[in-house]
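S.K.: Chains as they are written, first to last, in my numbering: chain A, 1 to 210; chain B, 1 to 74.
Take these hints with a grain of salt, some might be off.
What the hints assert, rightly or not - Computed footprint of chain B on chain A, listed as stretches where at least three residues anywhere in the stretch have a Cβ under 8 angstroms from a Cβ of chain B:
{"id": "1", "region": "54-60"}
{"id": "2", "region": "101-108"}
{"id": "3", "region": "136-150"}
What the hints assert, rightly or not - So the derived label-pair ranges between C-beta atoms look like this:
{"id": "4", "chain 1": "B", "residue 1": "G33", "chain 2": "A", "residue 2": "F64", "range": "18 to 28 angstroms"}
{"id": "5", "chain 1": "B", "residue 1": "Q52", "chain 2": "A", "residue 2": "P138", "range": "33 to 43 angstroms"}
{"id": "6", "chain 1": "A", "residue 1": "A77", "chain 2": "B", "residue 2": "G40", "range": "31 to 41 angstroms"}
{"id": "7", "chain 1": "A", "residue 1": "A77", "chain 2": "B", "residue 2": "E32", "range": "58 to 68 angstroms"}
Hints in this document: simulated from the structure, not taken from any laboratory.
Just so it is clear, CB atoms sit at the ideal spot from N, CA and C, and this is done for glycine as well.
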Amino acid sequence: MIWGVLQFPGSCDERDALHACEVVGGEARLVWHEERDLSGIDGVVVPGGFSYGDYLRAGAIARFSPAMEAVAELAAAGGPVLGICNGFQVLCEAGLLPGALLRNEDLRFVCKQADLLDDAGATLSIPLKHGEGRYYAPEEMLDRLEANGQVAYRYADGHNANGSVRDIAGVRNERGNVVGLMPHPEHAVDPLTGSTDGRKVFQALEGFAS
Amino acid sequence: MAKARVLIRPKEGILDPQGKAVERALPALGFEGIGHVRVGRMVELEADDPEQLGELCEKLLANPLIEDYEIQPL
Numbered sequence: 001m002i003w004g005v006l007q008f009p010g011s012c013d014e015r016d017a018l019h020a021c022e023v024v025g026g027e028a029r030l031v032w033h034e035e036r037d038l039s040g041i042d043g044v045v046v047p048g049g050f051s052y053g054d055y056l057r058a059g060a061i062a063r064f065s066p067a068m069e070a071v072a073e074l075a076a077a078g079g080p081v082l083g084i085c086n087g088f089q090v091l092c093e094a095g096l097l098p099g100a101l102l103r104n105e106d107l108r109f110v111c112k113q114a115d116l117l118d119d120a121g122a123t124l125s126i127p128l129k130h131g132e133g134r135y136y137a138p139e140e141m142l143d144r145l146e147a148n149g150q151v152a153y154r155y156a157d158g159h160n161a162n163g164s165v166r167d168i169a170g171v172r173n174e175r176g177n178v179v180g181l182m183p184h185p186e187h188a189v190d191p192l193t194g195s196t197d198g199r200k201v202f203q204a205l206e207g208f209a210s
Numbered sequence: 001m002a003k004a005r006v007l008i009r010p011k012e013g014i015l016d017p018q019g020k021a022v023e024r025a026l027p028a029l030g031f032e033g034i035g036h037v038r039v040g041r042m043v044e045l046e047a048d049d050p051e052q053l054g055e056l057c058e059k060l061l062a063n064p065l066i067e068d069y070e071i072q073p074l
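This is chain A alone, in the form it adopts within the complex:
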């Protein structure tokens, strides 16, 4: 599987994302935000950072980049797309995922290891680092997401550090090929840094590659 990792001005986790794609057995290359052609790429990671300075709202400007147009096409064709942290914010702003990310409840930037639960009930230990990670969606939308199985990751009890509604850490689109989460699986793929649970987040999307 060949991954493309987007790189915006202000991205900062794209190198770890490249490494993570390779650790799980894929190939990966960087995709500059002005690139419009994703031919040869099976799946995309929209990495963390502060795209275009996060001016206005996190992810609000990045969604208009040529590379994001190409990502929207890939997503519509059923290809896997993983948005991490700022990448999650970008996917929400682009309308590829439901909901929005707001300033953390206590206004503090949070940086810590957290436990997440995936759909299967497995616990994943993955780091968080963000100031705007409070997931929000209106109540009726949340009910629908839960009914459709679109809540991909939740914070374990006591690990919701940003005030996200219903402890939601990550969501997927209806089809399941687009996933976004605030925690950073790309920083949890190497035993050297304490946990390799992040690999599962990448592997969970491999089935959508054509």
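Following the hints, put chain B in place on chain A, whose structure we already have.
M.R.: What follows is chain B alone, placed relative to chain A:
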């Protein structure tokens, strides 16, 4: 060019921690009886065609899921 001001604020019912932080600071400064503080954003701009401002707000200046906006011609 028509001048306009766009006010953007968090939707009613959405927790606004910035507003809360401001509110909590007030008593220490001697301000009593002030509540429901909400912090938003203001954008001033000039437009050849003010008709397009609604779409501009929907698509970029505000996120309609979490924010309300108000366009004021100047």
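S.K.: Indicate, hint by hint, whether the structure satisfies it.
M.R.: Checked hints:
1. 54-60: holds (count 3)
2. 101-108: holds (count 6)
3. 136-150: Contact hint for the region 136-150 of chain A vs chain B: holds, 3 residues under 8 angstroms.
4. B:G33 with A:F64: 18 to 28 angstroms: Distance hint for B:G33, A:F64 is violated at roughly 44 angstroms.
5. B:Q52 with A:P138: 33 to 43 angstroms: At 27 angstroms between Cβs, range violated.
6. A:A77 with B:G40: 31 to 41 angstroms: Cβ of A:A77 to Cβ of B:G40: about 38 angstroms, so the range 31 to 41 angstroms holds.
7. A:A77 with B:E32: 58 to 68 angstroms: Roughly 60 angstroms apart at Cβ, these two residues keep to the hinted range, so it holds.
The earlier numbered hints that this structure contradicts are 4 and 5.
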